[in-house]
Amino acid sequence: VELSLEMSQEAVTQPARLEELYVRHMPAAIGLAYLLTGDRDAAEDLVQDAFVRLAGKFQHLRNPEAFGSYLRRTLVNLHLSRLRRIRVERFHIAAEQRAIEPHSSMPDVVGSADLWTGVQGLPARQRAAVILRYYEDLSERESAELLRCSVSAVRSLVARGIEALRKKMPGEEP
Amino acid sequence: MRDLEDELRELLDQRAEDAASGSTVRMPAEVVARVRRRQALTAVLSGVTLVAIVFLSVLGTRAILKPEMIGQPQGPAGRPFTVFDPPIRVAEGQFRLASGVASGESWNLLAYREEGEQERTSLEVMDPSNEGTFGAGMFTVPEERDLETTTAWVGTNGNEQIIFGAVVQEAADVHLESEDGRTIRGAVISLPESLLPTFDVVVIQVSGRANGDIVVADEEGQEIVREVYLPATPPEPVPEVVEISPHVTFSPPRGVRGAELKVTVEGLDEYPGAQVDLTLATMEGTDEQGVGSGEYRVDDNGRLEATITVPGVLGHEYHVVPGEYRMVFGVKTPEPWLFEETLQVIAAAVGEKYAHSPNYECLEYTYFDGRLWRRESGDLTTPVPGSTIELMAGDRAVYMTPEGKTVVFRVANPAAIDPETYQCPPT
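First to last, the protein sequences are chains S and R.
Going by my numbering, the residue at position 64 of the first sequence is 64; the numbering climbs one at a time, nothing skipped.
With positions in the second sequence counted from 1, the corresponding number in my numbering is that position plus 1000.
It is possible that some hints are incorrect.
Calculated lysine to aspartate or glutamate pairs in the DMTMM-like style (CA-CA distance at most 20 Å, straight line) [claimed, not checked]:
hint, chain 1, residue 1, chain 2, residue 2
1, R, Lys1405, R, Glu1420
2, S, Lys167, R, Glu1376
3, S, Lys167, R, Asp1006
If we take Cβ atoms under 7 Å as the criterion, some of the chain S residues that face chain R in the derived model are [claimed, not checked]:
hint, residue
4, Ile30
5, Tyr34
6, Arg40
7, Leu115
8, Gly121
9, Pro123
10, Tyr134
11, Tyr135
12, Val158
13, Ala159
14, Arg160
15, Ala164
16, Arg166
These are calculated hints, taken from the structure and not from any lab test.
Virtual Cβ for every residue (Gly too), placed ideally from N, Cα, C.
With the rest of the complex left out, here is chain S (with noise of 0.2 Å):
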């Protein structure tokens, strides 16, 4: 998923640049925030989003080869700060997002349905956990700067997403 980046802090100044930036990272950073939201519109807003704080500050990122670790973290920071401002409607959201699912245009990878539904209910800590763990493969240490907790926080959820997951999916023993 990572991707380096050849490209000087005064190149992406640059239209063609930015586009060319844009468009190798785009969709690596989909996948991850459609992982994240589990809505392809919502993920395109917010890697949208996260390109538009990124490249508006690139000249002062300290490392700017590493583009893609920055989108990264700010995907998951900007995805977790706005769950937490509308945690008050969680209750709400989630049931819509359960409604809208089964008409999701994503196809369904077969024998996986009910992992993908379980991975959706997840809390979304434990979501953004599972997902660094298992689809960025991210180390504990890395998960937990990402996430602003500990590295033993980020085990715990880790755990508890995998179990939770276990007891969703039929004939795996918890």
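Assemble the complex: chain S is given as a structure, and chain R must be docked to it using the hints.
Coordinates of chain R only, in the frame set by chain S:
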């Protein structure tokens, strides 16, 4: 049977790939414009003049401007903005009078009718997305004066200003005679009849500070108004704030309204000596209160320790109720940085009523005031939007729907359920 973790990896890869393959590949023009604005802001902080950004902003203006603007006649030579005659209706009761670029940023001059007790026409200089305002005003012409202007500094470096305002309807021409000998031409614009205009609008774009006289002439070139113009002080540049993510701990873990809270931050190694402001704000950012300003510094080990009192009121009006708040940490020097942490505030008072959104789809358990509560009595089984909760005693609270249905809760053993995995009983 396949291992769940392998299956999960495969599923996540597949889902992410599917989502990415269906996404828009090209960067939307809107994203370009937003990045441009961000970059312009950031450029001020670094002190670097990015010629490319200004160039692109000017070019970008053509893409940003609404299609109906294309082909509109430009103003007279020497007037660096476009006037729309007649003004363009952009929304119900709202018209665009002029547009231009100043300090590398696009601006629109809008006119609209203010509703309410004092029905007046207001003028506002805004960015093209209509998200941000550079300046706005309501005017008294011709009731009290013949000419009344205000200034909008456009852009973050404050180099260019838009002088705009109201003038008597006899006006036909306007210019600024600056003390340094420049004559800067402006425009007089008639408002649409639907705004019930009592005045015309003047607009002048000026580079740099320009003390002088604003001179208004009528159709025959006769000077009808001359007023001294003293430009307002340009705004301080707005620095782009660097966001960082250190480790924050609160002791006790939840803030108690009116009680002391110890705040410890670790991981500020790059900011020894930095002076930190602490602010407590609502999650929506609508109200905030400083809880420590100029008192706290990062030590040589990158650690910050502060003891604050959790306020009972944020700003002038917001009474702190149990719930989540944003603790914002910020410094202005040596370089701006900012981060925040969510603080759970507790200490509901008996007799106070709070809006409450239960945590689960049923009313068996809920978290309130930092504690777990279990239903004791009441027929209602599922939460109702718009409901409230009121502490009746130290360990008893009543949840009430807008229709008056109630559920009584009692404090429960916090270990009674696992908050993250708890499932409501089947109905």
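Results for each hint:
About 28 Å separates the Cα atoms of Lys1405/R and Glu1420/R, which puts this hinted pair outside 20 Å; it is violated. Between Lys167/S and Glu1376/R the alpha-carbon distance is near 29 Å, which puts this suggested pair outside the 20 Å criterion. Taken as a hint, the Lys167/S and Asp1006/R pair is honoured in the structure, with Cα atoms around 16 Å apart against an allowance of 20 Å. Here the hint on Ile30/S is kept, as its CB sits about 4 Å from the closest CB of chain R, short of 7 Å.
The interface hint given for Tyr34/S holds, since its Cβ lies 3 Å from the closest Cβ of chain R, which is under the 7 Å cut-off. Taking 7 Å as the C-beta contact cut-off toward chain R, the hint placing Arg40/S at the interface holds, the least distance being around 6 Å. Interface hint at Leu115/S: satisfied, since its Cβ lies 5 Å from the closest Cβ of chain R, which is below the 7 Å cut-off. A least Cβ separation of about 10 Å between Gly121/S and chain R goes past the 7 Å threshold, and the interface hint is therefore violated.
Below 7 Å, beta-carbon pairs count as interface contacts, and Pro123/S has one with chain R at about 5 Å; its hint therefore holds. Taken as an interface hint, Tyr134/S checks out: its beta carbon lies about 5 Å from the nearest beta carbon of chain R, inside 7 Å. The beta carbon of Tyr135/S comes within 4 Å of a beta carbon in chain R, closer than 7 Å, and the hint placing it at the interface holds. Because the beta carbon of Val158/S sits about 10 Å from the nearest beta carbon in chain R, more than 7 Å, this interface hint is broken.
For Ala159/S, the shortest C-beta to C-beta distance to chain R is roughly 11 Å, which exceeds 7 Å, and the interface hint is violated. Satisfaction of the interface hint for Arg160/S is found here, the shortest Cβ-Cβ separation to chain R being roughly 6 Å, below the 7 Å cut-off. Proximity of Ala164/S to chain R holds as hinted, the smallest CB-CB distance being about 6 Å (cut-off 7 Å). Because the smallest distance between the Cβ of Arg166/S and any Cβ of chain R comes to about 6 Å, under 7 Å, the interface hint for this residue holds.
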